[in-house]
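Q: Sequence:
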Amino acid sequence: AWTDYRDLVVEAHRRLGRPVVLVWDNLNRHTCAEMTAFAAANERWLTVIRLPAYAPDLNPVENVWSLLKRGELANRLFTDVDHLAGHIRTGLGRIQHHPHLLDGCLAATGLTLEPA
113 AWTDYRDLVV EAHRRLGRPV VLVWDNLNRH TCAEMTAFAA ANERWLTVIR LPAYAPDLNP
173 VENVWSLLKR GELANRLFTD VDHLAGHIRT GLGRIQHHPH LLDGCLAATG LTLEPA
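Using the working numbering, read the sequence shown as starting at 113 and increasing by one per residue.
Just so you know, these hints were derived from the structure itself, not from any lab. There may be inaccurate statements among the hints.
To be verified - As a list, the in silico SDA-like pairs of lysine to any residue whose alpha-carbon atoms are at most 20 Å apart:
#1 181 x 138
#2 181 x 221
#3 181 x 219
#4 181 x 166
#5 181 x 192
What the hints assert, rightly or not - Computed Cβ-Cβ distance ranges for the label pairs, DEER-style:
#6 143 x 221: 18 to 24 Å
#7 168 x 143: 17 to 23 Å
#8 219 x 181: 17 to 23 Å
#9 212 x 185: 32 to 38 Å
Positions of the beta carbon are idealized from the N, C-alpha and C atoms, including for glycine.
Construct all of the structure, not just a fragment, from the sequences and the given hints.
A: As structure tokens, this is what we get:
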């Protein structure tokens, strides 16, 4: 529920003792009227930046989901959420064991990772 996100944001603000900046995609719980009202009511310490609906250059995980949709999730009818979750786990495991796939997802964005 949207209240879970609200509570997480409030707790982060409480623990950090500083303003919070959220960069969110268009998940319905991020964009619902209640969350929008909460963000507006707390704009003194909360800044929300919303990503476009599909922006892999700003949100590289979009490319990971694309791999899953072309692989484990393609052309399937899932009987329930557990069935879907199992295929997602399988796909993420495949990607985990083939790091070049993640490298490709990142490279497609034009972003780079620098060692710490």
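Q: Evaluate each hint against the coordinates.
A: Evaluation of the provided hints:
no.	hint	in the structure
1	181 x 138	18 Å, holds
2	181 x 221	18 Å, holds
3	181 x 219	19 Å, holds
4	181 x 166	14 Å, holds
5	181 x 192	17 Å, holds
6	143 x 221: 18 to 24 Å	23 Å, holds
7	168 x 143: 17 to 23 Å	19 Å, holds
8	219 x 181: 17 to 23 Å	19 Å, holds
9	212 x 185: 32 to 38 Å	20 Å, violated
Consistency with the previously given hints fails for number 9 only.
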